[in-house]
Amino acid sequence: MTDTTERSDRTLPAEGVGGDGDGRRLAYLFISPLLVAFVLFYLWPALNTLVGSLFRWSLLSPWNIARPDTWDFVGVQNYVDTLTSGRFWNAVVNTLIWLVVFPVMVTVMSMLVSILIWQVPRGGALFRTAFILPMTISLAAAGVIWTFMYDPDFGVLTRFVEWAGLGFAVDWGPLTFQTADWLSNPGVIDLGFTQIRFVNLSLIVAGFWAFTGFGVITFTAGLTAVPDELVEAAKVDGARTGQMIRHILIPQLRGPMTIVATISVIFALRTFDVVWVITQGGPAQDSEVLAVLLWKQAFVFLDSPQAGLATAVAIIMSVVLIGGAWPYLRGMTRVAR
Amino acid sequence: MRSARLRMLVLYLGLVVFALLWLVPVMTAFMTSIRPLDEIRGGWWNFDGATFTLDNYARAWDQGLSSFVLNTFVITLGSVAVTVAAGALATYAFIHLTFRFQRLWFFLLITTMIVPIQLILIPLLPWFRTLGLDQGAMQFVGIILVHTGFGAGWAVFMLSSFFREVPKEMLEAGQIDGAGHWAQFRRLVLPLAMPGLVSFAIIDFIFVWNDLLLALTLLQRDFQPIQVGLANLQSPHLAQQDLVSAGAILAILPPLVLFAALNRYYVRGLFAGGTKG
Amino acid sequence: MRIRVAISMVLVLTLVLAACGGGGREEAAVESGDTAATGAPDATTTSDGAVEGELSVMFSWTGSEQEAFEAVLAGFEEANPDVTLERVQIPFGELNAQLTQQFAAGSGPDVTVVLPGLIRLFAAQEFLMPLDDLWAQWLEDGAYTESLQAIASVEGTPYGVWFKGNVNGLVWYTPERFADLGVEPPTTWEDFITVLDTMKEAGEEPFAVGGSDLWPLTQWWDPVLAEVAGPDVFNGLVDGSVSWDDPAVVEAFEVLGDLIANYYPADTLDRGFVEATCARVDGAAQLQLQGAFVNLVARGECDDSLVPGEDYAFFPIPQYDDSTPAVQTISGDLFAVNANTANPAAASALAEYLGSADAQAIWAEQGGFVAPNTQVPSDVYPDVNDQQAAELWPADPSVAALYDLDDFIGGEIQTVLREALQQFVRDQDVDAIVNTMVDVDTRIRG
Numbered sequence: 001m002t003d004t005t006e007r008s009d010r011t012l013p014a015e016g017v018g019g020d021g022d023g024r025r026l027a028y029l030f031i032s033p034l035l036v037a038f039v040l041f042y043l044w045p046a047l048n049t050l051v052g053s054l055f056r057w058s059l060l061s062p063w064n065i066a067r068p069d070t071w072d073f074v075g076v077q078n079y080v081d082t083l084t085s086g087r088f089w090n091a092v093v094n095t096l097i098w099l100v101v102f103p104v105m106v107t108v109m110s111m112l113v114s115i116l117i118w119q120v121p122r123g124g125a126l127f128r129t130a131f132i133l134p135m136t137i138s139l140a141a142a143g144v145i146w147t148f149m150y151d152p153d154f155g156v157l158t159r160f161v162e163w164a165g166l167g168f169a170v171d172w173g174p175l176t177f178q179t180a181d182w183l184s185n186p187g188v189i190d191l192g193f194t195q196i197r198f199v200n201l202s203l204i205v206a207g208f209w210a211f212t213g214f215g216v217i218t219f220t221a222g223l224t225a226v227p228d229e230l231v232e233a234a235k236v237d238g239a240r241t242g243q244m245i246r247h248i249l250i251p252q253l254r255g256p257m258t259i260v261a262t263i264s265v266i267f268a269l270r271t272f273d274v275v276w277v278i279t280q281g282g283p284a285q286d287s288e289v290l291a292v293l294l295w296k297q298a299f300v301f302l303d304s305p306q307a308g309l310a311t312a313v314a315i316i317m318s319v320v321l322i323g324g325a326w327p328y329l330r331g332m333t334r335v336a337r
Numbered sequence: 001m002r003s004a005r006l007r008m009l010v011l012y013l014g015l016v017v018f019a020l021l022w023l024v025p026v027m028t029a030f031m032t033s034i035r036p037l038d039e040i041r042g043g044w045w046n047f048d049g050a051t052f053t054l055d056n057y058a059r060a061w062d063q064g065l066s067s068f069v070l071n072t073f074v075i076t077l078g079s080v081a082v083t084v085a086a087g088a089l090a091t092y093a094f095i096h097l098t099f100r101f102q103r104l105w106f107f108l109l110i111t112t113m114i115v116p117i118q119l120i121l122i123p124l125l126p127w128f129r130t131l132g133l134d135q136g137a138m139q140f141v142g143i144i145l146v147h148t149g150f151g152a153g154w155a156v157f158m159l160s161s162f163f164r165e166v167p168k169e170m171l172e173a174g175q176i177d178g179a180g181h182w183a184q185f186r187r188l189v190l191p192l193a194m195p196g197l198v199s200f201a202i203i204d205f206i207f208v209w210n211d212l213l214l215a216l217t218l219l220q221r222d223f224q225p226i227q228v229g230l231a232n233l234q235s236p237h238l239a240q241q242d243l244v245s246a247g248a249i250l251a252i253l254p255p256l257v258l259f260a261a262l263n264r265y266y267v268r269g270l271f272a273g274g275t276k277g
Numbered sequence: 001m002r003i004r005v006a007i008s009m010v011l012v013l014t015l016v017l018a019a020c021g022g023g024g025r026e027e028a029a030v031e032s033g034d035t036a037a038t039g040a041p042d043a044t045t046t047s048d049g050a051v052e053g054e055l056s057v058m059f060s061w062t063g064s065e066q067e068a069f070e071a072v073l074a075g076f077e078e079a080n081p082d083v084t085l086e087r088v089q090i091p092f093g094e095l096n097a098q099l100t101q102q103f104a105a106g107s108g109p110d111v112t113v114v115l116p117g118l119i120r121l122f123a124a125q126e127f128l129m130p131l132d133d134l135w136a137q138w139l140e141d142g143a144y145t146e147s148l149q150a151i152a153s154v155e156g157t158p159y160g161v162w163f164k165g166n167v168n169g170l171v172w173y174t175p176e177r178f179a180d181l182g183v184e185p186p187t188t189w190e191d192f193i194t195v196l197d198t199m200k201e202a203g204e205e206p207f208a209v210g211g212s213d214l215w216p217l218t219q220w221w222d223p224v225l226a227e228v229a230g231p232d233v234f235n236g237l238v239d240g241s242v243s244w245d246d247p248a249v250v251e252a253f254e255v256l257g258d259l260i261a262n263y264y265p266a267d268t269l270d271r272g273f274v275e276a277t278c279a280r281v282d283g284a285a286q287l288q289l290q291g292a293f294v295n296l297v298a299r300g301e302c303d304d305s306l307v308p309g310e311d312y313a314f315f316p317i318p319q320y321d322d323s324t325p326a327v328q329t330i331s332g333d334l335f336a337v338n339a340n341t342a343n344p345a346a347a348s349a350l351a352e353y354l355g356s357a358d359a360q361a362i363w364a365e366q367g368g369f370v371a372p373n374t375q376v377p378s379d380v381y382p383d384v385n386d387q388q389a390a391e392l393w394p395a396d397p398s399v400a401a402l403y404d405l406d407d408f409i410g411g412e413i414q415t416v417l418r419e420a421l422q423q424f425v426r427d428q429d430v431d432a433i434v435n436t437m438v439d440v441d442t443r444i445r446g
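Protein chains in written order, with the numbering used here: chain W, 1 to 337; chain L, 1 to 277; chain E, 1 to 446.
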């Protein structure tokens, strides 16, 4: 704290001398509109959820801080039950597949596309629109559209594979794969203790399609900040395209890359609509991710009071992700003096 | 010279292939929306004896979509305007001012983005009623504030990386000229961070535009946006692919127009670079 | 310059919105004051027995079904011109979660469509208005049977009103193709199996199933369970008095497992209900075991030139064992009244109307509907398929009416059963599915 104050005093001499009180009041004027909405409509309900994970309750008779008759305190039992349930760990595996594959696909593809568009003299807006279009479709509608795409009878993908003669099936012990049944059983890697089911990849492709436009917009905004002089200098130096991208663009794009990677990680962790619309987590529980599991616990399993379990799942998800992102978050908060 | 031309060709070829791949699902929805269902089942790319009709649009529109349009615009434009304005102010304070609990607030804003929103919904509904936001036009104010609250973390997260790129020297020069923070915010930071603001506005627009759960849970029928109408088109034993597609295509248009209108803001620098090169 | 304009626009918009909001709040206060003042008188009927006031009704039909329901509601408005009906349409997939949240928060609609599983949960929370008088009258008139009342009741008190019925356990087929194969609609289980084997020998796919949507699999489980284990075991599973490892239940799973192993298509889990329906229409499969609503879907979604009765027809799934009593699996949509409605008179009037033969005849004429009220004449149905389905409706008290098992149980058991059936399609492992269900159904253990 002292460290930050010193630095701000140095950068902002006018405020520092005039009186810290004024500066603080001004700062609160600046932040209060956002913080009021945030505290009232996000933080407070989120805290409710956090505390709710220590109680047994359901949507029918929700845990309510103002009504002690709804308090059925169970301590950490919801966490114990969650961590010992096979269903939870199945959802963890499926979510991990999303967490590993989705951000990489989105970040690489949208950066590649943005740089390609950035390099062409004209038609950029048109190409960008092609990638941004899917973003304008709600994820639920995107799910419906991808159900058409994967349809075994008239789906584009199925028919294309047929037409191009690309159909094949492999069965190499623990690895099986086939270019059919995209949404029921396209294949699996059997690791013994768990299974990596490819139906998750079918769903990831749908999310990837919908989400790449976000990356394209962000990278494009970042590319506008690349000083022309840098690029010109590189051209004069005779830098080849590859070198220019590696040595000039990529370092310049670190900010947008962080944004895209972070937000796609968060999206992957919370992914819900696409899975819910296309498979509802099925067949059986092959594609059930954490957000789908907690949705079922809170909003579908109405007869058994499992909303407390759902909140516990949400808290565990959040804690793990915040823990994983800790070094990065610390860096961010420090920069935000 | 020849190699430059070849390079362009490869670039364009790559882009065309990628763009076409991305357009296939959109085409699927579009063709499903303008052709009778029994033709679609033979494959939409099959144009033998194809017939085209706008009938599905008329039906989707008549089945209630029309009554959601005004609400959608009030909610979406209001939420984005408030979120961007409040977000830009707050981000300026986080980056260029100091205040108590600064890091804690920043941390809370960022980390709560991770909490699955479905769960925040459960306490939100009774809370919404307690605050008296569930009646009449107050629902618009309520949902706009809820969207602002939900977008707060994203706003600060995305905008701070753009605000940070405003060179310190420019700010210091401004301070020496005696410009206050408000003047600096308006004259220096906002214009320089414009591409960031616009790209965040677009992202936020998408969030709000696509929201179904909040609207469904918090708003009464006469105040709901179009996503509720779209969801209403789906049924467990009628696929209604034709209607659903028509609705989805209709709902694409407003964001598309917005993107087209804002395009020049976030690619301004790019165009400048292009003409020079 | 442009920036400044943009900011001022944002500010102006914010102010305008705030101003509107302020005004809106006062208006709302006035409005709610009005209702509070006039709400109580509304609750009583006027001298001539008509009802008045505002009334909200929630439903989740869409497309042609929505149009048919609008016609039904128009009939109520015509008879009760002083009632202002607010229609609240909710996406089907969100219905249960939304209803639960709204009722728990005290803001539920006055009258709502609901399935029996939710009626049971809501009645336990005292969210619903008991409808004893209504049902006493209906039973006296012979409009409904006692087993239909039992489905709408919780512990003997009726809370639901039947509105839209459906008959399950129908095997849909194409008469022309049956003629080509030289088979007749079977009436015994042995004949049924013979027909299936004939199809396989002819190189035809016997069934289209649609297992990727989860519920079509329960359309198989219900009639198989009802036929193999009988009505008592079926209802015992519903109320939790029979365990899933009961020998009769295990036998039913074995019968279903044999059907799956021998006659299901290999890609059962890759197709949904509509694709399966169209696959059968197109001839990719010969049979589909489903409900009466296939009559509507086959025309609406696959081929609108189909002639009911000629191009497609059905036969009821044959009795598994002659000694078991006659059963009919059914499903359908009920309505219930909010216990805390501000306008109980109008709400019960609407409930009574929706359960009446007059109201149901309006939709029955439009097709794709089986009227649960036994007094709806069979000549209102527009085609032979609907008519024959309506004749199967358990209007005769000697036929046990068995409501869709998983919809009746609801909640976690329903979800787990549906998922377990998908797994069962893959492995036909009777022990595994029985264990899964015993694990999840804790009611019998207390």
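Quick caveat, the hints were computed from the structure, so don't treat them as lab data. Hints may contain errors.
[What the hints assert, rightly or not] Which stretches of chain L does chain W cover? Using the computed rule of at least three CB atoms under 8 Å from a CB of chain W, they are: (1) 47–57; (2) 69–79; (3) 110–117.
[What the hints assert, rightly or not] Derived Cβ-Cβ restraints for the label pairs, each shown as a range: (4) R443(E) - V76(W): 48 to 58 Å; (5) A202(E) - D190(W): 46 to 56 Å; (6) D222(L) - G75(W): 39 to 49 Å; (7) A169(W) - I444(E): 40 to 50 Å; (8) P121(W) - A173(L): 49 to 59 Å; (9) I65(W) - T442(E): 25 to 35 Å; (10) D55(L) - P382(E): 43 to 53 Å.
Idealized CB from N, CA, C, for every residue including glycine.
Given a hint of 48 to 58 Å, does the C-beta separation of R443(E) and V76(W) actually sit inside it? violated (26 Å)
Consistency of beta-carbon spacing, P382(E) to D55(L), with hint 43 to 53 Å: For D55(L) and P382(E) the Cβ distance comes to about 22 Å; the hint is violated.
Quick check on a hinted range of 40 to 50 Å for A169(W) and I444(E), using CB atoms only. holds (44 Å)
Is the gap between the beta carbons of A202(E) and D190(W) within 46 to 56 Å? violated (38 Å)
Cβ separation of I65(W) and T442(E), checked against the hinted range 25 to 35 Å: holds (29 Å)
Starting from the range 39 to 49 Å, see whether the pair D222(L) and G75(W) falls in it by beta-carbon distance. Holds - the Cβ-Cβ distance for D222(L) and G75(W), about 44 Å, lies within 39 to 49 Å.
Under a C-beta cut-off of less than 8 Å, do 3 or more residues of the segment 47–57 of chain L approach chain W closely enough to confirm the stated coverage? This one is violated; 0 residues, fewer than the three required, reach chain W with a Cβ under 8 Å.
Distance restraint hint 49 to 59 Å, applied to the beta-carbon atoms of P121(W) and A173(L): Between P121(W) and A173(L), where Cβ atoms are some 36 Å apart, the hint is violated.
Are there three or more residues in the segment 69–79 of chain L whose C-beta lies within less than 8 Å of some C-beta in chain W? Per the Cβ count (0), the hint is violated.
Please count how many residues of the segment 110–117 of chain L have a CB within 8 Å of a CB from chain W and say whether that reaches 3. holds (count 8)
Comparing the model with each earlier hint shows violations of hints 1, 2, 4, 5, 8, 10; every other hint is respected.
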